[in-house]
Amino acid sequence: MSIDGLSRRNFLAGLGGVGAAAILGGCATSASTGTGQAGGAVTLQSNLSAPLPKAAMESVVAAFNQKGGAQAVLNTVAAETFRTQLPSYLTSGNPPDLYTWYAGSVGRSYAKKGLLLDLSDVWSGLTDYSAATRTLSGDDAGKQIIVPITYYWWGMFYRKSNFEKWGVRPPTTWDEFLAVCEALRAKGVEPIGMGAGGTTPWVASAWFDYLNIRINGAVYHRELLAGRHRFDDPQVKAVFAKWKEVLPHFDKSATAIPFQDATTSLLQGRTGMMLIGTFFADAAPKDALDDIDFFQFPIIDPKVPIAEEGPTDGFFASAKTPRGAEVKEFLKYLATAEAQELFIKNSAGTVLPVNPKAKDSGTPLVAKGRKMLNDAAEITQFFNRDSSDALQPTADAALLQFFAQPDQVDSILATWQAAAEKVWSS
Amino acid sequence: MTRRNPLREIGYHVTASTISLLWLLPIILVVVTAFRSFDDVARNGVGSLPRSFTFDGFAQAWTDGGAARALVNSMLVTVPTVVITLALASVSAFALSRYDIPFRRTVLLLMLAGNLLPPQILLVPVAKLSEVLGLYDSLVALVVVQVGFGLGFYTFVLHGFMRAIPAEIQQAAVIDGAGAGQLFLRIILPLTRPALAALSALAFTWVFNDLLWAITVLRSEDRMPVTPALLGLQGQFVSMWNVIAAGSVIAAIPTVAVFLRFQKHFVAGLALGAVK
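Each protein sequence line maps, in turn, to chains R and Z. Letter 220 of the first sequence, counting from 1, is numbered 221 in this note's numbering, and no numbers are missing. Letter 22 of the second sequence, counting from 1, is numbered 88 in this note's numbering, and no numbers are missing.
One chain only, chain R, in its complex shape (with noise of 0.2 Å):
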């Protein structure tokens, strides 16, 4: 009996052996073969998930398709499931063709990993383009991974209305900014919103890099968030020092409400203004829209060469690709004005287009924004997008601590070189 039951094991090991063994031999073949096959349509991997900008770039696809030529599907995740999955998309072994992605640094660590299509004779098309697109859509190596379509700026945001009822203008300078923060004060309004609570504690780096790129200009930002300065120089020191005198007139809510938050205080005048990008108008009633204007951060030191933020989209392509042709076709399609036209005029206009020769949506609103980032010396993108996602969450620890404890500045700087460390030397 007992034999009886041994040899069935051994039978059933054996069984459970060859089983094994088949389904290896299934993957060793399936992996070879999964790297997909030359031709078919291009795949576009999309985190526009909104509605506006999703509809926007069906249309973008849509007219692409028309033309014939090669074929492009769309496919839209969720913005946040994008910025999670991105890696395991990239390295799976039959990945998406193309995605979109933000020029800078940010998507530079890709490109070492050996992911990214080198895109260089799709940019070399590409004349119209400015030279400082050009270098911001480099790797580190001097190929070109990135065709960026879109920017947008970042700027003091107010409702017109309230500000003629407050009986404040915009102002250009620190001192007059101070000043308005003042005046809002007295009249019981809450001067400056912010929004770094909940899910987007990131809005506070934009006053850190603002005041950054204002105090000691945009070379020194981007080597700072490179790792080549470190956050408790003196010279970071100053940018808090500089915040800390319009600290008091935040909103107190600042670091409790995210932003689609503070932009309902905004719009209902519980707060003054907001240093925000234009995306936050997808979030405004539209009657509300026409309201709304702006105004460059102020000016703190004159001698500094202006530099604004300027963040770019685009897309980027994965290096597995089989259908490389196809992906540089669609590529230099989204580079025309034409595509880029077709692009904001079905999504909210508040974006620019990177063509020069393209037009924007004409309103006042944008020609301004369009003029402010023109006469900038130079552009910067953002805090993440200028370092890695991987820095963000320090620089959010540190601001939001400062928020709470603006007297400890030094050691607040300390802990952020710290953590700034691990992030650069991984």
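Source of the hints: derived by calculation from the structure; they are not laboratory data. Positions of the beta carbon are idealized from the N, C-alpha and C atoms, including for glycine. Mixed in with the good hints there might be a few duds.
A partial selection of chain R residues facing chain Z, derived with a Cβ cut-off under 10 Å [said to hold, decoys possible]:
no.: 1; residue: Q72
no.: 2; residue: N76
no.: 3; residue: S89
no.: 4; residue: G94
no.: 5; residue: T201
no.: 6; residue: F281
no.: 7; residue: A282
no.: 8; residue: A285
no.: 9; residue: K287
no.: 10; residue: D288
no.: 11; residue: I300
DSS-like, lysine-lysine: derived pairs with alpha carbons at most 27 Å apart [said to hold, decoys possible]:
no.: 12; chain 1: R; residue 1: K144; chain 2: R; residue 2: K113
no.: 13; chain 1: Z; residue 1: K194; chain 2: R; residue 2: K114
no.: 14; chain 1: R; residue 1: K113; chain 2: R; residue 2: K321
no.: 15; chain 1: Z; residue 1: K194; chain 2: R; residue 2: K113
Incomplete in silico selection of chain Z near chain R, CB under 8 Å [what the hints assert, rightly or not]:
no.: 16; residue: G111
no.: 17; residue: P260
no.: 18; residue: G301
no.: 19; residue: S305
With chain R fixed as given, assemble chain Z onto it according to the hints.
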């Protein structure tokens, strides 16, 4: 005496209604938000009193948000998963509980141990494995993963339940000439019905509400079940809370329906297990 104490009475009602209000508040907020217009939400904030009433959110979630297609996908995953897992789990629980199989405690503990692992640490292996097997980005992959992860727990629960069935019933059936198959199908399975009903309601809810595995093994928009589709209504910067709330209400309907349908079994199943 204590029952008539008015202070106690009042205290009980105040506490109970406060707790139930706290419990219901998020649900009420979602339902109210679902019927507001986006301009109302944007102008007055998510938390304010509603100043509009519209079905636009539902329409938008259904068409633009793709809730219709996502619900179909969810059903395509959930129904086969529940049927397959419960079928497999009841067979294995039957074998483990009614027969003296060597190492059955080890097998059972191993199945339970699988459930003690946090699923997050298995995300990357599961994604890679589904790719190697050529299942990545297909609903089949999701069904396989869900069956695999559910099996251990359901077997454990059913095992506990089947073990409680008196041995005399089995012996009587064997004397009457029933084989293992007949014993399982005609004796044990009908007796396990309350537990199966309770488990299927639970399994349905879990699988239907899962988000993690769906975004791990799927990447195509048109294959996503309803939970990731709801997540997709959140934009990169701006979220249309009224549409998301409306989508959540739509997504909750199937699970609520299943629960109402199986509610009686569910409570009965719990009580049966407890009293034995």
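To see whether the hints hold, each was checked on the structure:
1. Taking 10 Å as the C-beta contact cut-off toward chain Z, the hint placing Q72(R) at the interface is violated, the least distance being around 16 Å.
2. A distance limit of 10 Å between C-beta atoms decides the matter here; for N76(R) the minimum to chain Z is near 5 Å, and the interface restraint holds.
3. For S89(R), the interface hint holds, the least distance from its beta-carbon to any beta-carbon of chain Z being 6 Å, beneath 10 Å.
4. A distance limit of 10 Å between C-beta atoms decides the matter here; for G94(R) the minimum to chain Z is near 5 Å, and the interface restraint holds.
5. With a least beta-carbon distance of about 8 Å to chain Z, the hint placing T201(R) at the interface is held under the 10 Å criterion.
6. For F281(R), the interface hint holds, since its Cβ comes within 10 Å of a Cβ in chain Z; the closest pair sits about 7 Å apart.
7. Taking 10 Å as the C-beta cut-off, the interface hint given for A282(R) holds, the closest approach to chain Z being about 9 Å.
8. The beta carbon of A285(R) comes within 6 Å of a beta carbon in chain Z, closer than 10 Å, and the hint placing it at the interface holds.
9. With a cut of 10 Å, the hint placing K287(R) at the interface with chain Z holds, because the nearest CB-to-CB distance is about 7 Å.
10. Interface restraint check for D288(R): the shortest CB-CB distance to chain Z comes to about 8 Å, inside 10 Å, so the restraint holds.
11. Interface restraint check: I300(R) against chain Z, minimum CB-CB distance 27 Å, threshold 10 Å, status violated.
12. Taking the CA atoms of K144(R) and K113(R), the gap is about 11 Å. The hint holds against a cut of 27 Å.
13. Under the criterion of a C-alpha separation no larger than 27 Å, the hint pairing K194(Z) with K114(R) is consistent with the structure, at around 18 Å.
14. Annotation: proposed proximity of K113(R) to K321(R) holds, straight-line Cα distance about 15 Å (limit 27 Å).
15. A distance of roughly 22 Å separates the Cα atoms of K194(Z) and K113(R); the hinted pair therefore holds under the 27 Å criterion.
16. The criterion of a C-beta within 8 Å of any C-beta in chain R is met by G111(Z), whose closest approach is roughly 4 Å, and the hint holds.
17. Hint on P260(Z) is violated. Least Cβ distance to chain R is approximately 34 Å, over the 8 Å limit.
18. Given hint, G301(Z) at the interface with chain R, holds; its Cβ is 3 Å from that chain's nearest Cβ, closer than 8 Å.
19. Given the 8 Å rule on beta carbons, the hint for S305(Z) holds: about 7 Å separates it from the nearest Cβ of chain R.
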